[in-house]
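Colleague: Listed below are the residues making up each chain.
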Amino acid sequence: MSHFIQTLISERFNLFNAILQHIEISLVALVIAIIIAVPIAISVLNHKKIAYVITQFAGVLQTIPSLALLGLLIPFVGIGQVPAVIALVVYAILPIFQNTYIGLTSIDPSLDEAANAFGMTKFEKLTKVQLPIALPTIIAGIRQALVMIIGTATLAALIGAGGLGNLILLGIDRNDNTLTIIGAIAAALLAIIFSALIYVLQKGKLRYSILALLLIVAIPVGNGIYQAVQPKQTTITIAGKLGSEPDILINMYKELIEAKNSNTKVILKPNFGQTSFLFNALKAKQIDIYPEFTGTVLESLVKVPKGQRDTGISPERLYGYAKKDLKNQFDLDYLPPMKYNNTYSIIVTKAFADKYHLKNISDLRNIESQLHAGFDLEFLNRADGYKGLQEKYGLSVTSQSVDAALRYEALRSGKVNVIDGFSTDSQIRQYNFVELKDNHHLFPVYQGAPLVSATFAKENPEIVDTLNALAGKITDDEMREMNYQVNVKGKSPAVVARNFLVTHHLLGANEK
Amino acid sequence: MTETLIKLDNISKIYQDKTVVSNLSLDVQAGEILVLVGSSGSGKTTTLKMVNQLITQTEGNVLFKGKNVNEYKLRDLRLQIGYVLQQIALFPNMTVAQNISLIPEMKKQSKAEINKMVDDLLREVDLDPVNYRNRMPNELSGGEQQRIGILRAFAANQDVVLMDEPFSALDPILRSQLQVLVKKIHQQFGTTIIFVTHDMDEALRLGDRIAVMRHGQILQVDTPEEIVKNPANTFVSEMFANSMAQDVFGVYLSRLELLGYLDDQDTSTPLGDLDTNSTVGEAIKLLAQHDVITITTKNSGLKVLSKAQLFKFISEFQDM
Ligand SMILES: Nc1ncnc2c1ncn2[C@@H]1O[C@H](COP(=O)(O)OP(=O)(O)OP(=O)(O)O)[C@@H](O)[C@H]1O
Ligand SMILES: [Mg+2]
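First to last, the sequence lines map onto chains A and B. For the first sequence, the residue numbers in the working numbering are 1 to 512. For the second sequence, the residue numbers in the working numbering are 513 to 832.
These are calculated hints, taken from the structure and not from any lab test. Here the structure is a predicted model, which means the values were calculated and not measured. Cβ coordinates follow ideal geometry from the N, Cα and C atoms, glycine included. Please note: incorrect hints may appear among the correct ones.
Have a look at the derived ranges for each label pair, beta carbon to beta carbon [claimed, not checked]:
id, chain 1, residue 1, chain 2, residue 2, range
1, A, 181, B, 617, 53 to 61 Å
2, A, 200, B, 720, 52 to 60 Å
3, A, 122, B, 827, 34 to 42 Å
4, A, 35, B, 620, 25 to 33 Å
5, A, 192, B, 641, 37 to 45 Å
6, A, 59, B, 588, 26 to 34 Å
7, B, 782, A, 122, 42 to 50 Å
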């Protein structure tokens, strides 16, 4: 419980921002859905067949899994809030349309006859009789849609739209259940509160409800307009993948760029999503820069000629291949990488290493019989994972599969005495574990470097220069330490990034 | 009663190949209550709705104030014609006052004027404005609802009010109360009323003239007296059996008056307090103690009913 409260306190700004984003996405989607669904329902009132077709169609849309729908939208509208809102609107249309249609068509026909007999125009009949009578049913549909929207909007984080999904994903990434639970509870509370709010508004006068809704929507829209008409500084958008490491890196980029280029403003989009989302966003020029690993480039982004995949190639050559392929295949510029290599590593406790004088992975062969390994399932099955260990190091140990999230705990408690992990994982620093050197070069190299479009690089040479200040900097230890500061100590990535830059004289202490 | 307000000129209504009204002609005089009476399915509602064009005739013309209804804008036409439904159909989202002021508001009468009129009308039907103004329809009894339904139709001072079996869902006591109310309002405003019913007794009580319908045609249009005394054919006389009065005890004394069973006699001391809205059953009770009782009639003051005349009516009732 105390951990829960601690997390709540240390993440309060994140939580607050996530809630605001979540509300914004949800309400904008809701209002758009209402604006679409209600008029359609009204216009098909006397066309039973068309109404039936629309209901069926909206029903089919609703069966598309939300992730698939988000994926389908990316080629057309890219990533970020736009596809998220579109997807939510698609889901919200059915309940609103259906309830509006049912509410309006189930009105007692004698009321319709009375309204006609009194000489009401269609519009008068609609506004004075039909809509007011159907209102409770329509509102019920809107509430249903809203609850669904708020729930589904947590998925928007996957395509960089932010919101409470960010906390949930971050929790999963940091293996911090508390964060995930906070995100989930906040989403559930939002749904309940807004559902109740609509109920209250419904009891009040219609015009006040409409006013309130408009106001809520006007805020983000107004904000957008304000941003648009603001005197245009050069703004650069930098995004990062999920997790503390990319978050720290992009904060460094921001600090450096804004310190050296006074007229430039950097907008950060941390925890923006997975590799493919970021890569597509960069190609679509929705973002300008994001840090990417050399290994990831060669493995999943470019079409790699055979031969490059061979393990044991030097990091320099690997980066050279990645840079060339990115330029040729996508017209992107891949700036020089930093020093640290965030790849698989083999980890033991300090006591264990001392006892058997372990430095390199090959040292393990001497104590093969004493080893009891806990490996992540993926590592167990990868050619450059355990299989590679067997081939390149001739190592064969009793091993069991341990969930990635639980490996460090298993090692700490002594259930196993050797595990796989990633070189910059903060737990290595947290528990003072020892990472064995990959002296036979089994693991692929994963060096981080800024990825930008070739045009951006050409038009902004000073930015490229600024970023290159980080080339060859930041060791594994340093990265690990920074991850530890953020993940375990709960410091903000911005502070950690700035501290690093200042202590390493990349940034003057007073500079900003 | 000379000016023709509404003229149905040889109208027919044909659905697919089913003729529900055929070659019907009827003049409605300004200021009269004309009752359309006929059995179920005879085309009363269809005929009524052709007046305000809720149903358009297949053939023939409908004239309102001498002008063909299709020369009017539909809204203008309907704003001059009130409408009372059997289902009452008060708008459930509006208060009593809002329901009543609906049409005056559509006619752009002033707010103050409307408010005062709503209060006056509510008092007219014995509903205290303070208590009833802001109630919702579902907070009213069936009888109260239909009173508001009637007020709503009359509120805008319509030239004519159409009423389609407005009381047939109400119990007999409420029905006769509301019949009295319609008479009262009619006398006060002089509004022309076309009133549809399949209850001959109701027709006799309300109608200045009665049009008897069957199979989409009018068999006879006449004053109640003529209809009772000289039915045009057996169907018209059979219509009396269609009365809401299930047996002879429920028959209104007005029918006995029309048929000539009440006698003139100069009695200065009235006996009993019956009038033509009382029933045969009530008369029998009183006649058990007296040989002759007095009846207050609408048009010709005090009349008397004797045991002998009553027995005569009852014995002939079976054959009517
Ligand atoms: N839309 C329609 N299509 C086909 N036939 C119809 C339609 N409306 C009414 N009818 C038929 O026309 C005939 C007359 O109907 P109408 O409603 O005028 O009768 P009514 O005299 O008012 O009867 P009731 O006393 O039962 O109300 C009925 O046989 C009815 O079935
Ligand atoms: Mg009818």
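Colleague: All the hints need checking, so say for each whether the structure fits it.
Modeller: Right, here's what the structure says about each hint:
1. A:181 to B:617: 53 to 61 Å: holds (56 Å)
2. A:200 to B:720: 52 to 60 Å: holds (55 Å)
3. A:122 to B:827: 34 to 42 Å: violated (60 Å)
4. A:35 to B:620: 25 to 33 Å: Since the Cβ atoms of residue 35 (chain A) and residue 620 (chain B) sit about 32 Å apart, the hinted range of 25 to 33 Å holds.
5. A:192 to B:641: 37 to 45 Å: holds (43 Å)
6. A:59 to B:588: 26 to 34 Å: violated (44 Å)
7. B:782 to A:122: 42 to 50 Å: violated (58 Å)
Violation of the numbered hints given earlier is confined to hints 3, 6, 7; the remaining hints are satisfied by the structure.
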